[in-house]
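2 protein chains.
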Amino acid sequence: MDDGFNLIEEKMSALDDRALEHVARYFKALAEPMRLKVLSALRDGERNVGELTEISGGSQANVSKHLSLLTQYELVKRESRGTSVYYKIADPSVYTLCELVCGQIGNRLAEADEIKKLFLPDNKNNSI
Amino acid sequence: MDDGFNLIEEKMSALDDRALEHVARYFKALAEPMRLKVLSALRDGERNVGELTEISGGSQANVSKHLSLLTQYELVKRESRGTSVYYKIADPSVYTLCELVCGQIGNRLAEADEIKKLFLPDNKNNSI
DNA sequence: ATAATATATTACTGCATAGTTATATAGTCA
DNA sequence: TGACTATATAACTATGCAGTAATATATTAT
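These protein sequence lines map, in sequence, to chains A and B. Heads up: the first sequence runs through residues 1 to 128, numbered per our numbering. Heads up: the second sequence runs through residues 1 to 128, numbered per our numbering.
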């Protein structure tokens, strides 16, 4: 009984709750279709808010809010240039995450294969 | 203008919304500290609900609900044995995801390093 | 059958947040 | 300066969901 509790306590000490919350928060940033859409649009390079709004099909206000959140979580970087604001990926390894998830889902879902391409390196046939 | 719209439309066609929602849903499953705790507890092998409840420090009902969700999303597998129900990881690549995120956060947060170990292969010093 | 234990589920509360509309801020150009 | 454009923010609504308390279901043992 006592030993059992000690073992548990060790586990708990390792599981620093504050750190776990950070990890969860990061996943949460990726847990929104619209944000994934924005991130996918940034795969080929920077885009300003207007472009992202058009590409995503969302409202300007909504896209701006999502970009604000992504900036807070340091998934994207913000650069104001002239009257526009350009965003770009802060760390490309975010696409590795997306690919992994697509791969996992792809095991049970055929449709996931299509979006997997979105997070993979350049298609080469950007014109088509 | 027309060409611009076509380019956008191509992007949109590629971004199958339904598929994006699946990816988002998967990330959402990982976007909860308690669920991460449970997944981390399952790293060394299967556990029943009672053990997971004790390890996580949550209530039985809450842990059960999280396990139900993780089962739905096929992150864990459920096996009823006797009066207990045992859960185990459905696909170990979930830990790759966690490690990646810990790595990204670790770049800005020292505390993330500790939990990174939780998602890495056996510590060997399980007794300590 | 009854009791005891393990797990799941229901009904509920409170909080976080996605999306909208309207407005504010900031940069550019006349 | 004032008009114009791009982006951000505020106030609001609606929805989802984490957590709790109580109850239901199911398995085992007596």
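Errors might be hidden in some of the hints.
Which copy is meant is left open, because identical chains are indistinguishable; a pair holds if it fits in one copy or across any two.
[Said to hold, decoys possible] Taking lysine-lysine pairs in the DSS-like style, the calculated list, with each CA pair at most 27 Å apart, reads:
{"hint": "1", "residue 1": "K65", "residue 2": "K77"}
{"hint": "2", "residue 1": "K65", "residue 2": "K28"}
{"hint": "3", "residue 1": "K65", "residue 2": "K88"}
What the hints contain is simulated information worked out from the structure, not anything from laboratory work. Being a predicted model, the structure only gives us computed values, none of them experimental.
ask   = Can you name, in rising order, the numbers of the hints this structure does not satisfy?
value = As far as the earlier hints go, not one is violated by this structure.
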